[in-house]
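Mapping of the first sequence onto my numbering: residues 26 to 425, in sequence order.
Please note that a few of the clues may not be correct.
Simulated crosslink set (BS3-like; lysine-lysine; CA at most 30 Å straight-line) [claimed, not checked]:
1. K33 - K202
2. K172 - K137
3. K283 - K65
4. K172 - K33
5. K180 - K65
6. K172 - K65
7. K28 - K257
8. K28 - K283
9. K28 - K202
10. K65 - K345
11. K342 - K293
12. K257 - K347
13. K202 - K135
14. K262 - K293
15. K202 - K172
16. K33 - K65
Label pairs and their computed distance ranges (CB to CB) [unchecked claim]:
17. R206 - G422: 21 to 29 Å
18. P235 - R90: 41 to 49 Å
19. Q198 - S138: 28 to 36 Å
20. N144 - D336: 46 to 54 Å
21. G142 - D356: 42 to 50 Å
22. T205 - K262: 17 to 25 Å
23. K262 - D178: 40 to 48 Å
24. S107 - I379: 51 to 59 Å
25. S107 - D141: 51 to 59 Å
Just so you know, the hints here were simulated from the structure itself, not pulled from any lab data. For every residue, glycine included, the Cβ atom is placed at its ideal position computed from N, Cα and C.
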Amino acid sequence: MLKFDIEKRDGLARVGVIHTPHGDIRTPAFVGAATRATVKALTMQEMRDLGSQAILANTYHLVLRPGTDLIKEAGGLAEFSSWHGPMFTDSGGFQIFSLPNVEISENGVKFKSHIDGANFEITPESSMQAQWAIGADIHMAFDHLAKSENYADMKVAMERTHAWLDRCVTEHQRLKKSATRAGDLAGGTPDARSRQASTMGETARSGPAPEQYLYAVVQGGTFNDLRAESAKYCASKNPDGFGIGGVFTADGMAEMLKTVNIILPEDKPRHLLGMGQEPIDLFVGAEFGCDTFDCVGPTRMARNGSLYTLDGRINIKNAKYKHDFTPLMPDCNCECCKNYTRAYLHHLFKTDEITAKVLASIHNEHFVVHTVDQIRASLLDGAFADYKQEFLSRYYGETL
RNA sequence: GCUGGAAUCGUCUAGUGGCAAUGACAAGAGACUGUAAAUCUCUCGCCUUCGGGCUUCGUAGGUUCGAGUCCUACUUCCAGCA
């Protein structure tokens, strides 16, 4: 069972440490979204330098390219990507929601590859198998998000998620047993590993590879009775932790999280899937009992020139920054803010230099990682409410 | 000097006599939440009560119901010949 220590509680909020085989995650924590085994525009070293404790990769994208066989050949995704810290994988369930022309049945999801149109199918079993091959510490159960906000559709999606969870748990246990027998939990051939080790100048791991863990995913949309039912069901399956999925805005999130997180066992970690583009998501998420977050928003917005500051998000491409020779965010300790001005960033964006996206991504990712770290510190100090009020009123100004 | 050719938005460019006139770039702004996203959307002559009004295709005339488009002259540029 995944070890999770809680250091302090404040209402539903908690400060803890998730002990993964690849290191500890001090929670609450923001987990960088590394969909295709990379946080776009950033190296793993840059992620470490900006303070990221963990990353989340996506099964769907990695199954399509480069394929799980290649990742196994590389010795697992940690070796392949050079991220040796804690890692999550998403199940591919979200793509059911986001891709067009998917065919959903009780068995699983059929779809055409967005790359070359090839037919693919993901089932709860194949998602588990792929996640074991990828070798992240924490896997998400394969779930179904309803596209509609309609109650009946949401209920069907939730029930399917529960049926699939049963199959995910069974397959996860089977894979764990067979990996234990083979003594090769993380996958990868000895040849590949020793090659990697000599190339990287590291010592190849010996003995059994690390264990891998499964989070159940709570669904139910905006309907708190469905959320409660889903939380009960997921808890009953005794997974290592929980993902809370299908959340798209901070509106109503507090109520939903209260409903769910009162039901979920408090001694297991909870991951709020996909939320964190808006700082308020992180404050509300942490306040109401979520331990980790992932979101593509910060890096996507960075690439598009929308950058966080303590006074709100700014579009660095706007003409008013052309002659602004101040740091993007004076109080920020990231590489971008310590070394460069807004005028320089503006210039890099206007000239479409790659470095624009790199520096912007460093800053935005640092901003959310650091903000959640500060939330953690404020919870430990008993100053969360003040920090939240101060941060949000400054960030959102009059709009709150 | 002669003979051809050309002149359209900030730039390059499309434009059989029939709607301020094409496309690209540049410029201005917006969107983005478990990433089919280094993507997408909008504006881009002036004014507007959003109905429309006004002024435009080097300059000045002309033909025509109607001219960026045809004719004449001029200006500038390009090519060839002297």
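Here's how the hints hold up against the structure:
1. The hinted pair formed by K33 and K202 fails the criterion: a straight-line CA distance of about 35 Å is larger than 30 Å.
2. Restraint check: the Cα-Cα separation between K172 and K137 comes to about 18 Å, which is no more than 30 Å; the hinted pair holds.
3. Proximity of K283 to K65 is assessed by CA-CA distance (about 33 Å); at most 30 Å being required, the pair is judged violated.
4. Pair hint K172 plus K33 does not hold up; C-alpha atoms about 37 Å apart against a cutoff of 30 Å.
5. Between K180 and K65 the CA atoms are separated by roughly 35 Å; this puts the pair beyond 30 Å, and the hint is violated.
6. Proximity of K172 to K65 is assessed by CA-CA distance (about 27 Å); at most 30 Å being required, the pair is judged to hold.
7. For a cut-off of 30 Å, the pair hint linking K28 to K257 stands: about 21 Å separates their Cα positions.
8. In summary, the hint linking K28 to K283 is supported, as the alpha carbons are separated by about 23 Å, within the 30 Å threshold.
9. Restraint check for K28 and K202: the C-alpha separation of about 19 Å stays at or below 30 Å, so the hint holds.
10. A threshold of 30 Å between alpha carbons decides the hint, and for K65 with K345 the separation of about 27 Å falls inside it, so the pair holds.
11. Taken as a hint, the K342 and K293 pair is broken in the structure, with Cα atoms around 43 Å apart against an allowance of 30 Å.
12. Taking the CA atoms of K257 and K347, the gap is near 54 Å; set against the 30 Å cutoff, the hint is violated.
13. Our distance criterion of 30 Å between C-alpha atoms is met by K202 and K135, whose separation comes to about 28 Å.
14. The hinted pair formed by K262 and K293 meets the criterion: a straight-line CA distance of about 13 Å does not exceed 30 Å.
15. At most 30 Å may separate the alpha-carbon atoms for a hinted pair to count; K202 and K172 exceed this at roughly 36 Å.
16. The straight-line distance between the Cα atoms of K33 and K65 is roughly 34 Å, outside the 30 Å bound, and the hint therefore fails.
17. Taken as a hint, the range 21 to 29 Å is violated for the pair R206 and G422, whose Cβ atoms sit roughly 59 Å apart.
18. Take P235 and R90: their Cβ atoms lie about 25 Å apart, and the range 41 to 49 Å is violated.
19. Evaluation of the 28 to 36 Å hint for Q198 and S138 yields a pass: the beta carbon distance comes to about 30 Å.
20. A hinted range of 46 to 54 Å for the beta carbons of N144 and D336 is consistent with their spacing of about 49 Å.
21. Checked against the given bound of 42 to 50 Å, the beta carbons of G142 and D356, roughly 48 Å apart, stay inside it.
22. In this structure the hint that T205 and K262 lie 17 to 25 Å apart at CB holds, the actual value being about 21 Å.
23. Checked against the hint of 40 to 48 Å, the C-beta distance between K262 and D178 comes to roughly 23 Å, which is inconsistent with it.
24. The hinted range of 51 to 59 Å is not satisfied by S107 and I379, whose Cβ atoms lie roughly 20 Å apart.
25. Between S107 and D141 the beta carbon distance is about 27 Å. The supplied range of 51 to 59 Å is therefore violated.
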